[in-house]
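Peer 1: Working from the sequences, and respecting the hints, build out all of it.
With numbering that gives the first Met the number 0 applied, the sequence shown corresponds to residues 0 to 312, in that order.
Any given hint might turn out to be false.
The calculated DSS-like cross-link candidates involving lysine-lysine, where the alpha carbons are at most 27 angstroms apart (straight line), are [said to hold, decoys possible]:
| hint | residue 1 | residue 2 |
| --- | --- | --- |
| 1 | Lys231 | Lys4 |
| 2 | Lys13 | Lys3 |
| 3 | Lys150 | Lys13 |
| 4 | Lys211 | Lys23 |
| 5 | Lys226 | Lys13 |
| 6 | Lys150 | Lys211 |
| 7 | Lys150 | Lys226 |
| 8 | Lys211 | Lys3 |
Label pairs and their in silico Cβ distance ranges [as the list claims (entries may be wrong)]:
| hint | residue 1 | residue 2 | range |
| --- | --- | --- | --- |
| 9 | Arg238 | Tyr96 | 31 to 39 angstroms |
| 10 | Gly214 | Trp2 | 22 to 30 angstroms |
| 11 | Ser264 | Pro97 | 31 to 39 angstroms |
| 12 | Lys20 | Asp167 | 20 to 28 angstroms |
| 13 | Pro268 | Glu17 | 40 to 48 angstroms |
| 14 | Ala117 | Ser35 | 29 to 37 angstroms |
| 15 | Asn1 | Met175 | 16 to 24 angstroms |
| 16 | Asn98 | Phe280 | 28 to 36 angstroms |
Simulated from the structure, these hints should not be mistaken for lab results. Just so it is clear, CB atoms sit at the ideal spot from N, CA and C, and this is done for glycine as well.
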Amino acid sequence: MNWKKESVRDAYGKTLVELGKERKEIVVLDADLSSSTKTSLFARAFPDRFFNVGIAEQNLMSLAAGFAYSGKIPFASTFAVFATGRAYDQVRQSICYPNLKVRIVATHSGLTVGGDGASHQMCEDIGLMRSMPNIAIFSPCDAPQTREIIKSVVDYPGPVYVRLVRQDLPTLTEGMDFRIGEAQVLADGNDITLIATGSMVSTAILAASELKNQGISVRVINLHTIKPIDLKTIVRCARETQGIVTVEEHTVTTGLGAAVAEVVSEHCPTFVMRVGVPDTFGESGEPDALLEKYGLNVETIVRKAKSILEVKK
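Peer 2: Now the structure itself:
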């Protein structure tokens, strides 16, 4: 498909500047990666409200908690591997436990960090964040949705984690309504449901097109809010189609697939097949090549969707 592509990181940085003009209580913190996370845009516009803590991610989260205690609205950014891995204890103890209004916006998540390899390819962050009480988790599929999420979480009554990727993403949701906790139906169908999040939503749409060419009716759901999860939409899909395939650039053990399976098993049992990073670490490589190697592609989605329909027969 001939999609326009935009940077979700640029969308984040530009939206911060827009919000900074309207809300003087917004402060932005970074861990010496502002040129990559694009918080540098806010730093140039509002240098007195930007704080570079250096390569000290644990301190980043502690400072953000302090700002929140003081009545500010802090946005704390770094790479996902550092925001959720290195600073896990501070996020848990200083942000989630006291239920503070800290907005953690992490970039460079998933396999598509590419050449930096397994040490920087954070594919466990949704699981780490999802396990903690109070925090809301968002995974936008494109730049317009990134803008909507950043605007929506400013006044969210608790901690927030927003997961962004390094690469530019196809523009899919321009002009669409966004509501926290309400999944978007991008295509309707009766045979199978594809539930995708983040960078894999466009791949799910391509897979749906291929399945349609084979005479299979496919529903495509963009689950941009991982927590609080849209239980109503997931249960409806479980009831109205013959099975669900989840698609994510994250480990299948604790991410979107696991969350959907939990909902389905408790409320409306049906087949759930997961497409994502298997239970392994990544490796250095080109982003597209890594997605192919680990099966995050149209072919895998189509195969798993058809396998559900075969069992149902």
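Peer 1: All the hints need checking, so say for each whether the structure fits it.
Peer 2: Consistency of the hints with the structure:
A hinted pair counts as satisfied when its Cα atoms are at most 27 angstroms apart, and Lys231 with Lys4 does not qualify at roughly 31 angstroms. Distance hint between Lys13 and Lys3 is fulfilled; the C-alpha atoms sit about 18 angstroms from each other, no more than 27 angstroms. Note on Lys150 and Lys13: the hinted pairing holds, with a Cα-Cα distance of about 11 angstroms set against a maximum of 27 angstroms. A threshold of 27 angstroms between alpha carbons decides the hint, and for Lys211 with Lys23 the separation of about 50 angstroms lies outside it, so the pair is violated.
Annotation: proposed proximity of Lys226 to Lys13 holds, straight-line Cα distance about 25 angstroms (limit 27 angstroms). Using a Cα cut-off of 27 angstroms, the hinted pair Lys150 and Lys211 is violated, with the two alpha carbons roughly 35 angstroms apart. At most 27 angstroms may separate the alpha-carbon atoms for a hinted pair to count; Lys150 and Lys226 meet this at roughly 17 angstroms. As the CA atoms of Lys211 and Lys3 are separated by approximately 23 angstroms, the hinted pair is consistent with the 27 angstroms bound.
Against the hinted window of 31 to 39 angstroms, the Cβ-Cβ separation of Arg238 and Tyr96 comes to about 37 angstroms, which satisfies the hint. A hinted range of 22 to 30 angstroms holds for the C-beta pair Gly214 and Trp2, which are about 25 angstroms apart. Checked against the given bound of 31 to 39 angstroms, the beta carbons of Ser264 and Pro97, roughly 32 angstroms apart, stay inside it. Between Lys20 and Asp167 the Cβ separation comes to about 26 angstroms, which falls inside the hinted range of 20 to 28 angstroms.
Between Pro268 and Glu17 the CB atoms are about 45 angstroms apart, so this pair conforms to the stated range of 40 to 48 angstroms. Checked against the given bound of 29 to 37 angstroms, the beta carbons of Ala117 and Ser35, roughly 19 angstroms apart, lie outside it. Judged by the Cβ atoms, the range 16 to 24 angstroms given for Asn1 and Met175 holds: they are separated by roughly 19 angstroms. Judged by the Cβ atoms, the range 28 to 36 angstroms given for Asn98 and Phe280 holds: they are separated by roughly 33 angstroms.
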